Each structure stands twice: as C-alpha cells, then as structure tokens.
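Trainee: Each chain is listed here by its residues.
There are 2 protein chains.
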Amino acid sequence: MSVSNKIRGAIEKSSWIRKMFEEGARRKAQYGADKVFDFSLGNPNLEPPSKVKAVFEDLVRDPREGQHAYMSNAGLVETRQAVADYLNTFNEPRFSADDIVMTVGAGGALNVVLKTILNPEEEVVIPKPYFVEYNFYLDNHQGVPRLVETQPDFSFNFDAMEAAINEKTRAVLINSPNNPTGKVYRAEELKELGRLMTHYSGKFGQPIYLISDEPYRKIVYDGISVPSVFDAYPETFVVTSFSKDLSLPGERIGYAAVHPEISDKAMVVAGMVLCNRVLGYVNAPAMMQRAIARLLKESVDISIYQRKRDRLCEALTSFGYDIMKPEGAFYLFPKTPIADDVAFVAALQDENILTVPGTGFGGPGHFRIAYCVSDQVIEGALPGFERVNKKY
Amino acid sequence: MSVSNKIRGAIEKSSWIRKMFEEGARRKAQYGADKVFDFSLGNPNLEPPSKVKAVFEDLVRDPREGQHAYMSNAGLVETRQAVADYLNTFNEPRFSADDIVMTVGAGGALNVVLKTILNPEEEVVIPKPYFVEYNFYLDNHQGVPRLVETQPDFSFNFDAMEAAINEKTRAVLINSPNNPTGKVYRAEELKELGRLMTHYSGKFGQPIYLISDEPYRKIVYDGISVPSVFDAYPETFVVTSFSKDLSLPGERIGYAAVHPEISDKAMVVAGMVLCNRVLGYVNAPAMMQRAIARLLKESVDISIYQRKRDRLCEALTSFGYDIMKPEGAFYLFPKTPIADDVAFVAALQDENILTVPGTGFGGPGHFRIAYCVSDQVIEGALPGFERVNKKY
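Protein chains in written order, with our numbering: chain A, 1 to 392; chain B, 1 to 392.
What you were told as hints is all true, and nothing was included just to trick you.
Label-pair ranges, simulated between beta-carbon atoms:
hint: 1; chain 1: B; residue 1: GLU78; chain 2: A; residue 2: SER303; range: 30 to 36 Å
hint: 2; chain 1: B; residue 1: GLU121; chain 2: A; residue 2: LYS390; range: 53 to 59 Å
hint: 3; chain 1: B; residue 1: GLU22; chain 2: A; residue 2: ALA25; range: 50 to 56 Å
In silico DSBU-like links for lysine-lysine, alpha-carbon gap of 30 Å or less:
hint: 4; chain 1: B; residue 1: LYS19; chain 2: A; residue 2: LYS265
hint: 5; chain 1: A; residue 1: LYS203; chain 2: B; residue 2: LYS6
hint: 6; chain 1: A; residue 1: LYS28; chain 2: B; residue 2: LYS265
hint: 7; chain 1: A; residue 1: LYS51; chain 2: B; residue 2: LYS51
hint: 8; chain 1: A; residue 1: LYS53; chain 2: B; residue 2: LYS53
hint: 9; chain 1: A; residue 1: LYS297; chain 2: B; residue 2: LYS53
Think of the hints as simulated: they come from the structure by calculation, not from any bench.
Quick caveat: nothing in here was measured; it's all calculated off a predicted structure.
Where a beta carbon is used, it is the ideal one built from N, C-alpha and C, also for glycine.
One chain only, chain A, in its complex shape:
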C-alpha cells in the first residue's frame, strides 16, 4: 500500500470529475482552446484592479528590514487592525485587531476555525447545494457534515435545519453569496437563524457556532448588499479571502474574524492562532498581508460580472432553461432539462461546453456555469446551449 486508504478512496471517488477535466483538456488539444467553452472553474477572468499592482510595486521598493520575516501566527497587527476598521464600516459590533486572524485564503480560514472547535464526530449543518470542499475540510478534523434541504429559491428551510440540529451539532456553515447558486441570504433570514441557534445553544448548554463563508461579499448585483451575520448572532465566525474580489486566488490571502462578543473569546482566539500554526500554514503570506491592508475597499469592476450574468440569464432563459437569477458570486445554477445532470453535462461537453453537474454540489437536477470567463467564451457557447436544450 502506498497512499492511505482514505486518500486512495478520495482519488478514486473523484476520478469521474478528473475524467471530465481530462476530456475537456483533450477537447482543447483537439479543437483548439478557443473552440472549447470552459465554464467549469471559479477562476476569475478579470485581472486584479490596477491599484493592486501599484501597491505591489510600492511594497517591493520599501527598503525597511524584516518584511519577509516570521510574525505572530495571527498575522501582522497593522493588517489585522485595518481589517477590523473595515469590518466596523458595515457591522454593528465593534471589532479590534484581536478579533482577526490572517489566513492562507478562505480555505485556510475555514480549516483553522473547524480545527479550533470540532471534537471528533461532531456535526456541522450545511444547507444544500454547497461548496463540496467543505466535506474535505470537515473530514480533516473528523467532523461530520449534516446536509439540509433549502427552499426552492435556495433560502433557508428552518424546519429542515431544526430537524438536523441535535446535541452533536457544533456549527452551522453557510456561504453567502452562495457557490453554486448565487443566493444572498436576507437579514430577516439570518436573524431567524440566529434565534433558532440561540434556542438550541441554550437547550444543549453550549454554543452552536455560525460560520459564514463570504469570499463573494463584494460581488453582488442590482444594488443589493450582503447583510451582516455578526448583527444576527453573537457566536459567529466569518471566513473570507481576497481571491475573488481582488482576483488574487493564487496568492492565498484571507482572514477569519470572530464576533467581538463570542463566548470565551480569549480561548477561541488562542485556539485559532494555535491552529493556524499547527496546521502548517504558520501565517498568511507576509507580503500579501501588507498589500491587502491597503486594498480593503478595492474590488474588480463588478459591473462586468453583472453584464455577463445578464447576458447568460437572458439567453439561456430564452432557450428554455429554468434559472434562479443569481444575486451575487459568478455562478449560474440552472435546472437540467433532464433529471440526470451528469448525462446532461456530458451532452454539453459534446458541444465543447464544460460545466459541472449539480450532483457535485449536493444539488442534483442542476448544473453549474462559472461565468467568470471572457465574453467570447459566453457568446461562443450560446448556440451549443440552445442545441442541447432543444434535444431534450
């Protein structure tokens, strides 16, 4: 035996996804990359804002010593203070640098939070459909996902949540704006969720934590904004990154923020700082910490993604696709015209259109289109989308 049983299983289980990607690569090689329309990945096509490049240039010319040295595992205090100040512009609770841990992206942040709180076999409630990496992140810390249904418009189903919560429930994990649906939870929904979690925390005698994964917070459309989870419930963590709003996914920079009034805060934050260290992250990349301290109010031009969303929604609806118009992020999650979403995605692939079956997100009967791609890809794919829908 070479790799562990668990990893062997994960590799074998994910082999159909890999086959799909390999088939995409094969098609690009055969037909030319410009003839294959790849909507499979959430890799932003927009370049970072020009101010990002200007800050990078400024930082590498900075003659001060120690800029690439180790630091507190929590991160640079000036960056954490800048994040706290930024959070204070749109949340009721008042944050300080001590409420922030800088992390290796949102993936790092989520692993830090989960390792901090989870005992083996404890459960985390996750509304479906959901970002499937959560399964791995929970398993890293021996946690168990407890997936729950949502309403047809992807808003919370509180009956399903209540049925799922029990004495082993350690947290509820939400993602807003949502990958894959683009759903943004409303303030009233979050308040209701907070009331429900307060009730069950009291009933079971320990906090059930709310973890909100918000890397798409700035990527919202039609003038809406993402309500504060911190305003809704005190036992709350927010994890996020600058991968999407600054188009820096390869640089692995993000943070975890704890509610300033979270129970037993000193121990919780000490746990997060320890976990950032012992998970091997050690600290978030130093230069990127320095950069984002000066870039917290920046973002890519969201109107570009909005235009892509509108073009795709309009065209696909006119072809007969059934789509819940996304309010944020850069994903569409239409219903597949046939029940078998894997077969439908294979049919799209025959048109050189690469998407992901909803089954991969706990949302069978749908497929995900990541529209963080060029207009040429969108326009080039539309005839194929129309033909495949007509076929069924």
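Based on these hints, arrange chain B on the given structure of chain A.
Mentor: Chain B in isolation, oriented as in the chain A frame:
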C-alpha cells in the same frame, strides 16, 4: 465548551512556553529591547539576498495577465521544472516536474506528505531531539510519533530504530541539518538507514517511507555538504522551504519532492496534489513560486552564520559549557550544567537571556540557542552566559 478538548489541552499544555515568551516580552518592555538577548526563535536575522528583491521588482513589473490566478494544485509547471533541474545537480536519480509539489512552506509540505500516507494510528519513527511541531503535524492526520534515542553525538542509533520499527510503522522522519542540534547525517549513515528500511519494508510487505526535512540544507559550515537521501533509499520524500536560506519565512514557500522511482508514484503524487488542495493550502503562493524559480541557487551569506557559531562556541566552551559543535543550521544545543533544563533556562532568563529548554525538543538536559541574531545580541549575552554557568 468553546474550543475542542484537544485544542484546549494543547493551549494549556503550552502555557509554560507562553509564560516564558510573555516573561521575555515583559523584560523587553521593562529593560528595553536592546537589554534583552533573545535566542528563542529560528527567525533569520539576515535580510533576503539582494537578488531576491531584484526578482520581486521584476515580477511586479511583469505586464502578463493571469499571474495571480489559480493554477494546478501541484504548482506552476515552470517552477516545478526549475526545482527538478536544481535537484538534478546534486542527486543521482533524475527528477522531472511531475516529482515536485510546490507547498506553503516546509510545514505545508510535511502535512501534505503525512496526510497522503498515514492511516489512523500508524507510527512515524523520529530520532531525538527533534523539531517539536512534528507532534502536531502527525496528530493532524491521526499519526503517532515513535521517538527514538540517538548516539551521544546525535548520529543514528540503529538498535533503537530497529526496536521501534514494527508493522504499524509508516515512515521515518529525519531533519538534516537538524533543529535543534545542527547535526548533519553522513552518507554512510543514510545508506545504512536505507538498508534497514529496505529490510523492514520487505518484512512487512509495504514501503516504510523516509521523509527528510531539509530547510537548512544550504546552511552548513566548514565546507561540508548534506548528502542526498534520494541516493540512499528509493521510498523517499524530501520536504523543504526557502524560509531559512533565502530568509523568507513569512512568505510561506517550499516544496515536497518524491523520489523518481518511489513505488506506485502516480498514486502517491495524485495523493499529494489532492492533499495540498483539501488541506486548504490549495496551492503555494503564486508570486513566490515565480520568484523562487529564479532563485534556486541563491542563499544568504552563510559565512555570517558561521562566524556567529564560531564566536558563540568558542566563548561558551571557554565558560565551561559542553557543546557539540553544530555542522549546519543556526542552533546550538549545549548541555545544561544542571539536570533541570527548565530551571537552567529560567536562570538565563534572570540574566535577560532568552533560550528554550531541551525538554521542548525531546532532549532534556540541554538548551537551545538560536544564533540567527545580531552580533550585538551575542556579545551582550556572553557575560550573562558566563555568570549563570559559574553559579552551578
């Protein structure tokens, strides 16, 4: 309950180390930072070589698109190829890009390798004294450390190793040059270790892996070089970083390399790439990958560390300390003149000298001096080192 039982335990267990650091910080505040001589951390005091800054400046001016985007979880192919070419300059086996996974430092690399290979409760043999973070890294993946004695000069004790190896042994983890001893294992020792591991791999019917942690490979003295573990044994991983030789610890860039003839290589590498992703690292920071591809032959000026080593060894020996002169890295690991190393380190602290008890490395009766500090710190501390030794 807030944090998990395990994390609460780790925080409480490490509280004496924290108290030590807090006492150091209190002394710096009370006496002035220049009156406190801090040898407690392996945070290189040398700035990165000037070529590092030049490469950074070049990279941020590069106008090409997509430089901060997602990439293969293994890392940039041009960086992996550059690492392979570099490894081919001092190892017999021939590496290709496919044998390399770029990681978030050596800590990330080690977690990736351990998660790839470990089933729960499997054991990893580690010679003492050792870098104590290994305990956490093993525990992350439910592995169990099996600590073994070494010879008085810190070379391998093969009898102790053979006694420790059993059917649950999954790997042997070594660190050369060693933290905390500065020991560099010899080619003959490594070959003997390889023979022993080949024997027991055969006996138990599956490879026992050798994992060599080598972030200090370039930091060696008196013209010695670090022999290749790849030349000694085929079932081998090397993990390393650019934290020490390029003084970039805050930037979290390193890699894991697998022996080109490791058994079941396709599965092993697929496992590593998957683990880099699911552990939340996703990929090594993109800009640092681009940078180190052009910096593989660079290092800080090692003669500066050699001078510091020589000055400290000479002075401490003249005061009566018993020291094995380190061959590499930037640590001294002298015997404490009394058996209780924690008490001895406390006595040094009373002289405003901050060091770490050997007990923290599985090496009681010793203390660790990290001499990656300014000459002023070394010179300022010498009288205190002399006084404390005289006291006992």
